[in-house]
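Generate the whole structure from the sequences, applying the supplied hints.
Listed here are the chains, written in short residue letters.
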Amino acid sequence: MDTSFLRPNPSSGVPIYLQLIEQVKHAIETGALRAGEQLPGIRPLAERLVINPNTVAKAYRELEHEGVIELRHGAGAFVSADRRPRQLTNTMRAGQAIVAATVERLRARGLGEDEIRRLFEAQLAGLPRKGERSA
Amino acid sequence: MLWYKAWLETRWRFLIGLAVLLVFACGAVFDYPAIARLNASVSAIDAPGNLGRLIREAAETQRTYRGFIWFQWYRQNLVQMWTILAVLLGSGGLLAASSRAALFALSMPASRTRVAGVRAATALMELLVLALVPSLLIPLLSPAVGQHYGLGDTAVHSVSLFLAGSVFFSLAFLLSAVFDDFWRPMLITCAVALSQTLVGALVGLPFSGMLRVMSAESYFRSGQVPWVGLGLALTVGLLMLYAAVAVVERRDF
Amino acid sequence: MPEPIIETVALRKTYGDVEALRGLTLQVQAGSICGFLGRNGAGKTTTLKILLGMMRPTSGEARVFGRRADDSTASVEIRRDVAFVGEDKPLFDYMTVSEMVRFTAAFYPRWRRDLERHYLGIFGLSPAVKVKTLSRGMRTGLAVLLALCRDARLLILDEPTSGLDPAVSEQVLQALVSHVASAEMTVFFSSHHIAEVEQIADRVVMIDRGRATVAAALDDLREQYRRIRFVFDDDAPAVPVFRAEGVERVSRDGRVLTVLASGGAERIVEEARPLGPVSIDVIPVSLKEIFLESSGVEG
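Residue numbers (the numbering used here), protein chains in the order written: chain A, -6 to 128; chain B, 8 to 260; chain C, 67 to 365.
Hints in this document: simulated from the structure, not taken from any laboratory. C-beta atoms are modelled at their ideal positions from N, C-alpha and C, and glycine is treated no differently. Treat the hints loosely; a few may be bogus.
As the list claims (entries may be wrong) - Some chain B residues near chain C, calculated using beta-carbon distances under 8 Å:
{"no.": "1", "residue": "16"}
{"no.": "2", "residue": "108"}
{"no.": "3", "residue": "111"}
{"no.": "4", "residue": "113"}
{"no.": "5", "residue": "115"}
Listed below in structure tokens is the structure:
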């Protein structure tokens, strides 16, 4: 799993720690990471990807907060054996169905791929942070 | 390691200077027989005025071997070349060497006083060697031309040169602390040195006082070590070194 | 909040009639990689030199590890735990690589021989080569090696990757990242390469004409700065005065009103809705744009 982490894009506008979180979740969904498997250490991963170790630490903390991984003191980071990640996968599948339907409807209205993408990005960028009420 | 660094910075000037002085010392000794013969005929020449007087005085002084060595070596060759080396070693100290090197030295956990002090001390030790060692060659080689030169004379003359002449080192060192380049300290100090030694010697003005102290003329003529002159030169030199270190401590890099 | 590793308070520096620093106030916390961005002549190098005791401020305070940087004795103590790599990679040209290593190691009792071997290999440095013959990349590599092997708590670098090809640049960045990986180490580096700052820094301080303009965590900047575009049916209304905070700049171009916000995008959107825009776009802002904006360049 070490070597299959992709280098995050620092200029994409998405914070690097979020990109890492996405990569871990995606790896779990696709089976590249299984329950109980160990993730790379914070320091080696930071060195391999040439990013700030604090960023890796932040991503791991967030993943632990969401229950996706467990941080075992002294031993490292491990994928949770919890039910919760599987719930996440189910939610993702449901979400994928919603997105597919929405994209079809937008295409039916004559919007092109780029336009659809812009709408989604604008919507996401304009959304308040998790936990805050929407305006 | 600061000593090693100072050595690396000054070693070529030192080694080349040492080599040149050793060669000239040999030259002085082995030239004696030829010069002695020349001198015999010079005193008969009747040249007019000041110049004529100087030529006759020079010939008189060089009648004896001791006088010859004093005149050729301690009053001309050694003084001139050593002074140039003193100026060279004093220029381009901590700073002018290259501001790149200076920034690295300044980023080390060593006080500026220590860095500059080590540099000055290394150069001064090299200058002492440059005054003493080639001069020691003279008593060593004199028997080869059937002459004898005393160790006591060697010691007094070379140490006097070092103590008095280090003023020029200090001046160059101080100017290097103030100016950032290599050339200005060197040229200014050379100008001062020139006015003190060469010009004064020719024209016989009070300027030549410096040359007299550096060559310990009073000791040569009457066994009187020029304590006052040496004391003065040392004091001025030390004050300039102190000023140089103060400048280095306070300025921006 | 623990004491900052680096702190300046209203720092001023004047050379002759040039005011290089005009009241710079900044902090750098321990354990972070902090990028120092500024245009040429903005005062970056002056700030770094003052922190290292190479220059004295005209007024104001500069502290490293809580000690005054302009006090000569304190400055020597500071430098026992700091490594500096200057813009021209200052080194002694007349020494060889191994002489430079021995010289530097003599000043730092905690010298890391393991890292020395490691970086000699990474940067391809042979011990007997004279420094003046090193290529630019190797020279930087040597300077970085000498900085990292000291095991110093704070690294200060002035444009560490300037003039380097991408491969060596990446090696330098990797070396910096691995240094901070052990807790309590801090890196403060100035750079023109915004992409690199985005890659490894977690905090950013921007300086413009001798003053700090932006100082924030990089992630906060990414999450807070937004460009909001309102498109109207007719000509956009005259530039409104927003009550909401965070409006940095508002510009009008035909039927489009653009607002650059450093935070609170949602409230700004709400405030502008009554104006009746036909569409509203909220777009993230890159660090480069934030930098150009803060240094007064038209974006």
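(message) Are any of the numbered hints broken by this structure? If so, which, sorted upward?
(response) none
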